[in-house]
Structures are given as structure tokens and as C-alpha cells.
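> So the protein sequences, as listed, match chains V and U. When we follow the numbering used here, the leftmost residue of the first sequence carries the number 1, and every step to the right adds one. When we follow the numbering used here, the leftmost residue of the second sequence carries the number 1, and every step to the right adds one.
It is possible that some hints are incorrect.
What the hints assert, rightly or not - Result set (DSSO-like, lysine-lysine): computed pairs, CA atoms no more than 27 Å apart in a straight line: (1) Lys146(V) x Lys188(V); (2) Lys188(V) x Lys266(V); (3) Lys266(U) x Lys46(V); (4) Lys199(V) x Lys46(U); (5) Lys188(V) x Lys199(V); (6) Lys199(V) x Lys105(V); (7) Lys188(U) x Lys105(U); (8) Lys146(U) x Lys188(U); (9) Lys46(U) x Lys266(V); (10) Lys266(U) x Lys146(U); (11) Lys266(V) x Lys146(V); (12) Lys146(U) x Lys218(V); (13) Lys218(U) x Lys146(V); (14) Lys199(V) x Lys146(V).
Unchecked claim - Beyond 10 Å from chain U on every Cβ pair, some chain V residues (computed): (15) Arg4; (16) Thr5; (17) Glu74; (18) Leu102; (19) Ala145; (20) Lys188; (21) Ile245; (22) Gln247; (23) Ser254.
Said to hold, decoys possible - Ranges of calculated distance between the beta carbons of each label pair, as one might list FRET restraints: (24) Ala191(U) x Arg96(V): 56 to 62 Å; (25) Asp264(V) x Glu99(U): 27 to 33 Å; (26) Ala265(V) x Ala134(U): 28 to 34 Å; (27) Pro97(V) x Val140(U): 52 to 58 Å; (28) Asp198(U) x Met108(V): 46 to 52 Å; (29) Ala92(V) x Val44(U): 52 to 58 Å; (30) Tyr231(V) x Arg81(U): 47 to 53 Å; (31) Glu216(U) x Ala60(V): 49 to 55 Å; (32) Phe184(U) x Pro97(V): 54 to 60 Å; (33) Glu230(U) x Ala60(V): 49 to 55 Å; (34) Pro97(U) x Ala60(V): 19 to 25 Å; (35) Pro97(U) x Ala265(V): 33 to 39 Å; (36) Pro190(U) x Asp267(V): 45 to 51 Å.
Treat the hints as calculated values from the structure; they're not laboratory data. Just so it is clear, the structure is predicted and the values come from calculations on it, not from any experiment. Note that CB positions come from ideal geometry on N, CA and C, so glycine has one too.
Protein chains: 2
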Amino acid sequence: MARRTVFFVSDQTGVTAETMGHSLLTQFEGLEFRQVTLPFISTVDKAEETVRRINATGLADGLRPVVFSTLVREDLRGVVRRSNGLFLDFFAAFLRPLEEELQVKSTMRQGRAHGIANADMYTARIAATNFALAADDGAVSSNYAKADVILIGVSRSGKTPTCIYMAMQYGVYAANYPLTDDDFESDKLPAMLQTHSDKLFGLTIRPERLHQIRSERKPGSRYASLAQCEYEVRTSEGLLRRFGIPQLDTTECSIEEIASRIIDAKDIERRLRP
Amino acid sequence: MARRTVFFVSDQTGVTAETMGHSLLTQFEGLEFRQVTLPFISTVDKAEETVRRINATGLADGLRPVVFSTLVREDLRGVVRRSNGLFLDFFAAFLRPLEEELQVKSTMRQGRAHGIANADMYTARIAATNFALAADDGAVSSNYAKADVILIGVSRSGKTPTCIYMAMQYGVYAANYPLTDDDFESDKLPAMLQTHSDKLFGLTIRPERLHQIRSERKPGSRYASLAQCEYEVRTSEGLLRRFGIPQLDTTECSIEEIASRIIDAKDIERRLRP
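One chain only, chain V, in its complex shape (with noise of 0.2 Å):
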């Protein structure tokens, strides 16, 4: 099958262009495309050189590229719309109606969506990562009060790329602690986090799917073994909910899902908004 590309063109990261990309390509099931990221096409000759490359690209492939077009500077995106490519523009789409519903000229300044705006945010965030980061390490009561949320669940549930991940996204406290056979065979909780009860979500998973990422990390371990982690997976569930900690199933969640559900499920205020 012919291999379509698609160009994610922007003026700055190119990150908001690649997001609605992906968003739209992934409803086209079964087709293939090569993906190219153009940053920072910050002046009209860069923007030439883009059509040139589009062009040449629609040429070799014998198959019209598409553009994903997040270019905020009228100039710019006049010339890259000029490519033989299908030009798919963001902020023609949405720019017109806000500013008539908004009744205000846009700045249609460049690189302000993910910029350092507020140098203020950028230190939040970082603070927030450096609190996962140093909160991953040891269970600490100190990291547990300052928290937005703590996630508790065995070893490679998923906890700590969901922690990292919430702070880096939206500046968010997470703490985490990791149930082992401590707490299996005491069966119940450490009282420092009974103090913090409120802020406790459970993350599980599918003993197989465990198995699986444990194998890859320690292989033939008894850690990674499928008896292992379904006495892990059904002690762990049954604690959480003893306790009546609301859990989600990670096992067909990406990241990006994990982090939402916590946040829509225990109303967890966003610090920034990336």
C-alpha cells in the first residue's frame, strides 16, 4: 500500500499540531502514514523551504501530503497553503469565530501557546515534577500532606509515569505508594496514609498484562511470575476496596487516560494548563 505522509507544520514546538494530528489520523483505522514534524518554520524562507520539501515529498510518494498547519502568522501560513499538499489550517478554522464571539483582535502573535508565558507556571511545574520525582523515592509523611492525590497499587501498576506525568501536564502533586508483601500479609494499610484516606486512588492491572512488564524488566524472576502477580493483583484489589479506595483497571489505558480518570474521579483542581 502507498504511504501517505503528513506534515505537523508549526512556528514554535509543533506540539499542538502533532496532538489534533494524531487525534484525526488515529480515526482513519488500517491506513499508514509517515509523519514529519516541521518546528519553528519561523520565517518566510523557512516557510518556502517547507513547500519545497512538501512538494518534492507529494512528488516521490506519487500521493498528496497533508499538512497539519498550526502557523499563527497570516504571512507564513499564506505561503505554506500555497503547496501542492492538502492544507489543513488550524487557526483559520478557529481564530474567526472566537474573535467575533470574543469581539477582540487575536495578538496573532507566535509561539505564545507553549512559550515560557509566565515564568511563574513554568516554576510550578517544575516544582510539581521535582515533588514526584523526590515523593517517588520513599513513602514519606511529609510527601503524603503536601499531595494532591497519593496512588497506591503493587510494583509496575503504573504509578509512577502517571505521577510524573500529572505534574509535568497540569502541575499536579502525586505522590505514590507501592503495596508489597508487607501490606499483603498485614493486610491492612500504614496508618500515614489512613490519614490521608481522601486522597488515596488504587491503581490495578491485569495479572498477564503484569506479567508481561515485569518479565521484560526481570525475566524468570519469581517477581515477574503469573502466579506472583495474580496474588499480588487479587490481594492488592481486595485491600483497596476493603478500604474503600476507588481503583481503576490500568491494563487498556494509556497514560494520558490514567492521569484524566484520577483527576475527573477525585476533582483534583489543575494547577496549569499547559
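For this one, chain V is given, so just place chain U on it according to the hints.
Just chain U now, kept in the frame of chain V:
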């Protein structure tokens, strides 16, 4: 000034709706918006509840809300479109032209964008994140061999969050090497770094900003003093220059921008596209 409410409505996580919304809203300087994310609106009941909430908010604010929608299902979009808000419909704007170009009907399935469409991709992402976390703990040459890129800079120049972001967002293996007094005194780079000179990328920062960041962490310390920050930045920049290592001033950059600039400059392949 009256504050307008903006809703991000999605049948999935809402990440795409938030991303596109923020990109647009940052084009309107000086206006203040109250931002509300409504994820997982996946049934007609929830869609109708969303409409009631939008309409009630419009009445309370005395201003028509703005609704950024990434609802995929036609029936749900049909419901939310009838609210009193300004309905900005992501899929309506772009899906039709894309279907025509690709000559394929979209699957219109919900939740493809940030579901775990692909377990291999999930694994790649987690592996890259674990790599960044492990590599952050210490400078180990085996990490450098596996890395796609090695970031070099003084403490608090942005290395760690950038490595983690590149792992999460792009599946890129990013290690880092913190420049310390040892390096400044020897005035050269360790041999194990020189072996991987093609992977090296320097992060620098303005001394005043570094002083500010370090002061939040260790107020009044020698480490945080402006004199020490000036010394480290000057020496680090000289060292990087002498070894021909490209460097980026991160002072005005968001994490997204630092990551995109590095990937662009070093022509690093994205291992995944979330």
C-alpha cells in the same frame, strides 16, 4: 472585567481539546478565562448534562461560554452543539476534508487518540521514561551508550524535566550529565562523554534566573548565590563552546520548546507519537 468560561469537552481524556483550546486562547492577551475540562462525555445522558452545565454557566457569568469539542460521535456532538455556548467543533472542521482526500470514511470511533491503541507503544514510552529516571540517578557509561541524546549543563539548568518530557512525549532515550566543580577545575569533559560526542547537547541559562531557581531550593546557600551561578554558567558555556557542543539558553523556554529544539537540532527520530 467579566470572566468568560471555556469548556473543553471530550469523549476521551480531553487532552486534545485542552491543547487546541490553549493554543487559541493564548492569542487573546489580557482576557481572563475560567477553564473547565469535561472528559469522558461518552453517553447521551452525559452530553445532556454537559449542555445543562454550559447553559447554567452562561446565565451565571452573563457571558456566553466557549466550548472546544473533540467529541467524535455524531450523536454526542449533535447534543452538545445545541447548547447556548459557542461550539467549536474540532472533528467537524477537519474530518470531512481529510475523508475526501484519503477517500476513506473515518471510523469515528471514540477514544482512539489517547487510548492504549498499541501496547508496544505503551511499553516503548514506559521504557524510555524508566531510562530517563534511571539515567538521572548517576552518570553511567552504559546509559550513555543507549541514549539518543545526552544533555549537559549545570545543576538546575533544566536537564531532568527535559529528559523525562522527551521520554514521555516522544519515546526518546535522553540521559544527562551534570557539570560540577570537578569539570570546571579540570576544564575538560570526562572521557566517557567524549566517546559519545555526537550525542551531546548543552543547556545553559541566565545566571540571574539560575540564582532565582536555586534560591527556591536552597535559600542563602553558596550554591544558590549569584556569584556562584555566574561562575558556573560562564565556565560551562566556555567548556561547551570549546568542545564544539551546541547549546541552548533555556531561560525563556518551556519544557516543550527545549525538547523540540533539541530534537530538531540533533535530528533525533521520534520513537512514538502519542
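> Of all the hints given earlier, name the ones this structure violates by number, lowest first.
6, 7, 15, 18, 23, 28, 29
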